[in-house]
Each structure stands twice: as structure tokens, then as C-alpha cells.
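Colleague: Single-letter residue listing:
Protein chains: 2
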Amino acid sequence: MPVPSAYESQRTNSEPPVSDPELLRLRNSIDNLDAALIHLLAERFKCTQAVGVHKALHKLPAADPAREQAQIARLRRLAQDAKLDPDFAEKFFNFVVKEVIRHHEALRNKS
Amino acid sequence: MPVPSAYESQRTNSEPPVSDPELLRLRNSIDNLDAALIHLLAERFKCTQAVGVHKALHKLPAADPAREQAQIARLRRLAQDAKLDPDFAEKFFNFVVKEVIRHHEALRNKS
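Chains as they are written, first to last, in our numbering: chain P, 14 to 124; chain U, 14 to 124.
Just so you know, these hints were derived from the structure itself, not from any lab.
We put the beta carbon where it would ideally sit given N, CA and C, even for glycine.
Some hints here could point you the wrong way.
To be verified - Heads up, simulated DSSO-like pairs for lysine-lysine below, C-alpha to C-alpha not over 27 Å straight-line: (1) U:K104 - P:K96; (2) U:K96 - U:K68; (3) P:K104 - U:K72.
Claimed, not checked - Beta-carbon label-pair distances, calculated as ranges: (4) U:E81 - P:E35: 12 to 22 Å; (5) P:Q62 - U:A86: 48 to 58 Å; (6) P:L70 - U:H116: 37 to 47 Å; (7) P:L70 - U:N45: 22 to 32 Å.
Generate coordinates for the entire structure from the input sequences, incorporating the hints supplied.
Modeller: Put into C-alpha cells, the structure is as follows:
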């Protein structure tokens with residue numbers, strides 16, 4: 014049985030081995046980026062959770078359409094600079110905001 | 014007219030000023046995390062684009078269901094450790110993969 018390579022040994026147990034070094038290299042980068050994305054999203058939800066609590070405590074309105082519009086415009090600009098499709102950046106933002114609203118509603122239903 | 018604070022001066026022009034320092038602090042963190050997320054997503058799409066080109070060149074099948082299953086299982090574990098809802102992590106992964114497929118189809122239609 015061949016000894017697993019340095020890349021291969023980092024793979025998950027359930028994933029079948031891949032012998033193509035270029036594919037392995039790219040997949041390894043994707044896995045690293047995904048781990049970073051998950052951790053940043055966890056941190057982002059901690060912040061939005063804190064915003065939710067703060068707004069509830071100070072009786073501030075939950076939604077802020079002007080803020081959202083400014084966020085979308087900024088993310089589209091950042092995406093353009095990073096060579097990411099600005100439409101995707103906006104879709105991503107809306108996807109995350111939908112989850113934030115779900116969290117806030119769950120929080121409200123609990124209290 | 015009051016001089017804008019350090020936080021305030023970082024805001025976008027289109028966003029109305031906010032005088033609540035705690036809200037500003039949290040929003041500033043959200044904006045920093047969003048910028049990081051956009052840049053990581055840009056990098057991730059560069060990798061998946063390269064995977065697409067590599068697979069096309071070497072006549073490898075575009076889809077790899079076993080790899081996808083392993084990715085989802087790993088991201089759910091990472092999310093759990095990071096105190097992020099694992100169901101959201103899986104939804105996020107599927108959202109990104111949908112975009113990757115859209116990119117690959119656009120690439121195929123161009124060639």
C-alpha cells in the first residue's frame with residue numbers, strides 16, 4: 014500500500030484518495046479557505062447577535078435600510094477590486110442577512 | 014458641525030451617521046469581517062476556476078459527489094467547534110457550490 018503524501022494525510026477519512034497532485038493542491042487551498050470562511054462567518058454572527066441584543070435593549074429599530082444599501086454598495090466595490098462578480102457579492106450579502114433575520118426572530122420568540 | 018469620529022470617518026458616504034458608539038463598534042467589526050469574507054470568496058473562486066480548467070484539460074468528471082459529502086461533513090464539524098449553526102454552514106456551502114457550477118457552465122458555453 015502506498016504511503017499517503019503530506020497533502021493526502023490532511024484529507025478527511027470519508028474522502029476517497031486522489032492521486033492527481035495539482036487537483037490535490039487546489040482542493041487543499043479550497044479546504045483552507047472554507048475553514049477560514051466558516052470561522053469568519055461564526056465571528057460575524059457573534060457581532061450581529063450583539064447588535065440584535067443592543068438594539069432590543071435600547072429600543073432601536075431592528076431594520077436599517079440605509080445601512081443595508083450602503084453595505085451592498087461597499088461590498089460590490091470591494092468585489093470588483095478583488096475580481097469577484099459584484100452580483101455574487103450582493104447575493105452573498107442577502108443570503109447572510111436572511112440568516113441574521115432568522116436568528117433575530119428566533120431570539121425574539123425565545124424572550 | 015461636529016468633527017467625525019475615527020469610526021465615523023471610515024463609513025461610506027451614503028450611510029447616515031450613527032451616534033451610538035457601541036453600535037458603531039459592532040458595525041465596524043461587521044464591515045471588516047465582510048471585507049475579509051469577500052476577499053476569501055474571490056480567492057476560493059480562483060481555485061475552483063483552476064479546478065474546472067484542470068478537470069477539462071485532463072478529461073476528469075466535473076462532479077465528485079464523494080468529495081462534496083466529505084466537504085459538507087468537515088464544514089459541519091468546523092462550524093460546531095466555532096459555535097456556528099452547522100445547518101447554516103451546509104446551506105452556505107451549497108450556496109457557494111451553486112455559484113461554482115454556474116461559473117463552470119458559463120466557461121463551457123464560452124469555449
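Colleague: Which earlier hints can't be squared with this structure?
Modeller: The structure breaks hints 2, 3, 5; every other hint is satisfied.
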